[in-house]
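Asker: Model the full assembly from the supplied sequences, consistent with the hints where possible.
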Amino acid sequence: MTINALDRVIEIIGPFTDESYVPGPHVKEFLENSKVLVIGAGGLGCEILKNLALSGFKDIHVIDMDTIDISNLNRQFLFRAADIGKPKATVAAEFVSKRVKGVKITPYFGKIQEKNEEYYSQFTLVVCGLDSVEARRWINALLVNMVDDENPESIKPLIDGGTEGFKGQARVIIPTISSCYECSLDMLGKQQTYPICTIANTPRLPEHCIEWASELEWVKVFPGKKLDKDNMENIQWLYEVALQRANEFKITGVTYSLTQGVIKNIIPSIASTNAVIAAACCNEALKIVTSVNPYLDNYMMYTGNEGVYTYTFQHQRKEKDCPVCGKGNGYLTVSIPKDITLEDFITEELMLRPDIKVKSPSLRTVRTVLYFQWPPQLKEATERNLSKKMIELVNEDEEIVITDPALPFSLRLRLFYE
Amino acid sequence: MKQQQAKAAGEGASTAAKKVTAAQLRVQKDLTELSLPPTMHTHFADPEDIMNFQVFLQPDEGFYVGAHITFEFAINLNFPHEPPKVKCLNKIYHPNIDLQGNVCLNILREDWKPVLSLNSVMIGLQYLFLEPNAGDPLNKEAAMDLQKSRATFAAHVKNSMRGGYVGPEKFDDVLRR
Amino acid sequence: MPPSERDRKYDRQLRLWAGTGQAALEASHVALLNASATGCELMKNLILPGVGEFTIIDDSLVKPDDLKLNFFFNDESVGSPRSVIACKLLGELNQDTRGHALFQNPEVLINDVDFQWDKFSVVIITNISESSVRKLSNILWNKSIPLIYVYTVGFYGYLRVINREITIVDTHPESLVDLRLDQPWPELIDYTMSFDLDSLPILDYAHVPFVVLILKFIDQWKSAHNGLMPGTYEERTQFKQLINDARKASDLENFDEALASVWRISQKTTIPPDILAILNDPSIDNLNEESPDFWVLVKALKRFTEAPRNNGLLPLSGVLFDMKADTNNYIRLQTIYREKSLADVHFFTELLNELLLELNRPSSSISSEEIKLFCKNCRYLNVTRGSKLDSEFSSEGFRSAYELAAFSENHDPFYTYLALRVYSLFLDKNWYYSENGKQITSRDDVELKNLFKSIITPFPTVPAVEKVFSEIIRTGSGEFHNICSFMGGIGAQEILKLLTWQYIPLNNTIIYDGIFGTTKTWKL
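Quick mapping for you: the protein sequence lines, in order, are chains A, B and C.
Just so it is clear: in the first sequence, position 303 is 303 by the UniProt record's numbering, and no numbers are missing.
Just so it is clear: in the second sequence, position 114 is 114 by the UniProt record's numbering, and no numbers are missing.
Just so it is clear: in the third sequence, position 508 is 508 by the UniProt record's numbering, and no numbers are missing.
Honestly, the hints are just simulated from the structure, not real lab data.
Among the hints, a few may not be true.
No more than 30 Å apart at the CA atoms, straight line, and that leaves these computed lysine-lysine pairs for DSBU-like [what the hints assert, rightly or not]:
#1 B:K87 - A:K190
#2 C:K340 - C:K216
#3 B:K170 - A:K220
#4 B:K158 - A:K220
Derived contacts from chain A toward chain C, CB cut-off under 10 Å, selection only [stated by the list, open to error]:
#5 V96
#6 V100
#7 G165
#8 R204
#9 T252
#10 C281
#11 V292
#12 D297
#13 Y311
Think of the CB as a built atom: it goes at the ideal place given N, C-alpha and C, for glycine as much as any other residue.
Answerer: Right, here's the structure in full:
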């Protein structure tokens, strides 16, 4: 006998629900009308899509830039051998929409960076199942920057999961309110690197020989040719070169598998850990959207190799030290006259404002450097912009980033022309 | 398939992304707060692209006095989680720089920390030219040379900097710009 | 040689449990009683990595409500047997796994004395009446087949591993390095003495492995201190000074490594207490021909440590971590450690063969790979013994968990666990498992509390437990897919450990509280 608990809990206040919770059918309506974005359709992503679909979400979007590889099949259960080479997002979306009736899943095969703020602002929340630090930093910064203090709907909760072998973590980021991804960047383990002089002269480990092949020999033998880490012939070449060097130095342990692992920085990944972390993430998504129970505040670490151990704690914001969400890294909207020059903008608008307190600001947009006070060459190169009109340099929808030795980090600014 | 995808991604990025990334932001902060000695200068081939640039070093003391050394800095979007990639563009005779321009400086690899700035990397490079480290060589011949006799090493460096040979290797002329 | 297609498919897990673990997994047969959402999620996580065979036992038919919770039924399957559909849709996940559907009532099967459980390596039971679970757990306990019992309701889930004993050699500790700086052997001493630090050019000096440095300075220290090691904190500080005074330059990484490792010499090389307990386990007292290899190996290990030439030490792992050194010296040092380890393995094998002879077993009946692995990991062996479900409420662990909960400031997870267990017994008494079973309602609250009193007699009910009761009542015996999937992940992980004989298993109960995002484990 199967009873779905959702229909019940939305009707009744529980012993742990927040006082402000109002039960009723509108809760389910809200859940079904929410748009939720899943970033990544890999090991976590497949689980997340299934979990959200079976949690009552009806409108799910998914972004992934990868295609299916044979090594995904030990955990990415929405893919079959026949799907190898096809885009993950598309195949995953199709599978889940077919299996779970009434759920619409919209795939996007591409990079998250290709989508703009307008796209991201349509979602109620974002669930992330990524293996890339860079992509996480990008979406985190974007969601933090999207927050408009006047508009609570601009706060898009970010639920982030990650796994590595038997370990993982699930966390809830409420942009500008709780600790963000950038706040916790120093908790990340460092990627293993080896001193280049060891690689060159005193190799001791098989890894040293492999790095010698990839970092030093490859460029020597194939100058100008980029190493394709997904190309088996390239890996085979590296393996052979590394093995030869290892034999020369009587080092044991160079294998094809190790070569591939070192070159691609392969992280072991299994279905069970992904299931645990994805479920923890989606459980939070459901609670955040429905308020049927309190949500995670704000971090759960999971370790499964020695018994099972989890640690749930509140990761603290870095306050002013966080370059993304730190206080003092304000986001300002300034309206200026249409014909003002860059120089006047700096000296009359920026430097005179009591709430900013900049002394020698440097400015850029994502497209161009507007004006850098330092280093000298950039100052020289950008000085000519000073006499130009702002409207020639910056569009209204572009963001200006200001750094200044007097600011702890940076200031973001958006212009409106009067 | 893969290539097409990469192309599409490149095009999309230029139109859609209007945000300065955390990495660019940090580079901007680091660059505008550089405090370099007069022996060092930055050069931006494309002033719009602050993630790729060169650093010129002209040591005013030590073995390499008078040389014009050029380093190439390439910073990716994972900065400062990952260190900048630095290469020496001149072929020089130096214990810690190999003939391909790889530089052996701990803070560029195993000892990199996100709190380190671009400034600290540049100062670290300059230090390599004041005090080459024979204990941790990349060019082993140069290191043994230095270890055996500072005078011979100095002579070899001088010769190499003029575009001369040390052993079978011919080096770049770095005395003239 | 580029890897085979199979190795490429399993690459991301082979990096964890290697070919041996994979082979063990592929030789296993797992049974699931009740094709619940939790059960199917769990099976998914075993089929994907390639469990050999699975059997799903269920006699109900797929209903529309099932589709809302279980991903492994589809629209077309409504009205078909759950066992058959789950077997088919789960089986699609991996062509290398063989699935069987058994259209039979799990509770009837448990009462079938003729049913052959022995073909299963592990049995999973989810959301089935407490009395049936107890019955099954006793059957399997007697056959030494592990039973994984998973229960989910509302935002809660718990799991219990009911297993007599598992012995694990390959526990994957953080590091296997064993330097033995306090107990160098002749080859290591000779090698150390071959260095004349003062005459070395700086480049070589900077590349003397720190192990050599430390041993040299220990020697120097001993000759000035009546042959004693630096023992006290004060002495270690002086010892560090000795090393520091000797260094010829400030930036010498090998000297830095030596200084950073001084604490190691205060760690006397002995047999860790856990291992000592294993060496003294009664299991080795009455070994016979049939005894498991593990205990035979342990007995040989005990004889190894008792042999006068080994000075009470375990075999050396032979593993060395990376350290500042030139290639030749590092490789030589590594060879010295490896050769010592091989010599230990050799002597261990002699003792083992003698023992095997005593047990009327051929000397080759334990493979040399197994012996090597055992010797390499002998400092980190794990023996986990479970307990019967019947003894839960009277167990020492239960009592102490209850007492500890009383001291906890916040909502202690043990109260949640208690409430769930009482709820499970309540269902058993009230026939909630029948085909048209009813949902729990607020009218059941009083009975839950009474039941609590009658079962957990010495312990009073507390508001925390009552809160959980009302949360359970709120969900009307219903489930959430996320909780099912979470528990399925944990269950699969624990089964993978039991099947691959690697890593350290859960002993023996875990609860997941999906409201606060916490878990807790107890040995009950």
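Asker: For every hint, state whether the structure bears it out.
Answerer: Hints, verified against the model:
This hinted pair checks out: B:K87 and A:K190 have alpha carbons roughly 22 Å apart, not beyond 30 Å. As the CA atoms of C:K340 and C:K216 are separated by approximately 20 Å, the hinted pair is consistent with the 30 Å bound. A hinted pair counts as satisfied when its Cα atoms are at most 30 Å apart, and B:K170 with A:K220 qualifies at roughly 17 Å. For the hint linking B:K158 to A:K220, the alpha-carbon distance of about 26 Å falls within 30 Å, and the restraint holds.
With its C-beta approaching chain C no nearer than about 9 Å, A:V96 sits inside the 10 Å limit, and its interface hint holds. Interface hint at A:V100: satisfied, since its Cβ lies 7 Å from the closest Cβ of chain C, which is below the 10 Å cut-off. The restraint placing A:G165 at the interface with chain C holds, with a minimum CB-CB distance near 6 Å, inside the 10 Å limit. Taken as an interface hint, A:R204 checks out: its beta carbon lies about 4 Å from the nearest beta carbon of chain C, inside 10 Å.
Hint status for A:T252 relative to chain C: holds, with the closest Cβ pair at about 9 Å, below 10 Å. At about 9 Å, the closest approach between the beta carbon of A:C281 and any beta carbon in chain C falls short of 10 Å, and the interface hint on this residue holds. The criterion of a C-beta within 10 Å of any C-beta in chain C is met by A:V292, whose closest approach is roughly 9 Å, and the hint holds. Taking 10 Å as the C-beta contact cut-off toward chain C, the hint placing A:D297 at the interface holds, the least distance being around 8 Å.
Annotation: A:Y311 was flagged as interfacial toward chain C, and the flag holds, the nearest CB pair being 9 Å apart, inside 10 Å.
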